[in-house]
Structure formats: C-alpha cells, structure tokens
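K.L.:
Sequence:
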Amino acid sequence: VQLQASGGGLVQPGGSLRLSCAVSGSIFSINAMGWYRQAPGKQRELVARITMGGSTNYANSVKGRFTISRDNAENTVYLQMNSLKPEDTAVYYCNKWPIAAGNYWGQGTLVTVSS
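No gaps in the numbering here: position 77 of the sequence shown is 79 in the working numbering, and each next residue is one more.
I should point out that these hints are in silico values taken from the structure, not numbers from a laboratory.
Any given hint might turn out to be false.
Think about it this way: if two alpha-carbon atoms lie no more than 30 Å apart in a straight line, the pair counts; the simulated DSS-like pairs of lysine-lysine are [stated by the list, open to error]:
(1) 44 / 87
(2) 65 / 44
(3) 98 / 87
(4) 65 / 87
(5) 98 / 44
(6) 65 / 98
Let the sequences and hints guide you as you build the complete structure.
P.N.:
Shown next as structure tokens:
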C-alpha cells in the first residue's frame, strides 16, 4: 500500500504550497480520495475530498483557499493551498474517503505557516 504525501515545508502567512500524494493503484482507482490534516494536540480532520469523477468538497476553514485535484493516469492526488494561515499548520495526509478506524495511514508531510 502506498500513500506517500510530499510538498510540505515552511511558508509565510499568505503564501502557497502544493502538496502531492502518490497512491497505490489498488486504492486510487476505486475510491474517492481526501486530504486530511492533524495539528499538534488536535484530532485528524478532513480538509478536502474528491470523487473518482472529480466532484469536490471542502472544510469550511479552507473553502476558497485550497483546491484538491487528482490525476487518474498517475494515481496522484494534489492539494493546492493558497493564502495560508498559521492555523493551517499541521501534518497533512492523503487517504481514501471515507476512511474507517484502523485503516492504514501513510507518511504525511508537515506544513508550517509562520513568519
């Protein structure tokens, strides 16, 4: 199983980052996908999701700033993050949606928004 997120880093408030996630074909080809994040001391939350057909949905906290997309040929899901805020600081993960307790989580990527 591959769920390899990348693209995180340190960015100033108002800046942008683009996250990528390489996904095993066995997962990607039959599931809606989501980006999740977990901030220090908080529970993991769903940030955005995209169906196999490309329909999207966003958490209110990121609506209008983040864009999720998927490349079905490359088994990759992306998260374009603009107008970043300090409260966006978290480890970001991709996984299928919906997700069940006990499902495998791959390596996330740390996003730090700070001046």
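K.L.:
Go through the numbered hints given earlier and state which of them the structure violates, listing their numbers in rising order.
P.N.:
No hint contradicted; all consistent.
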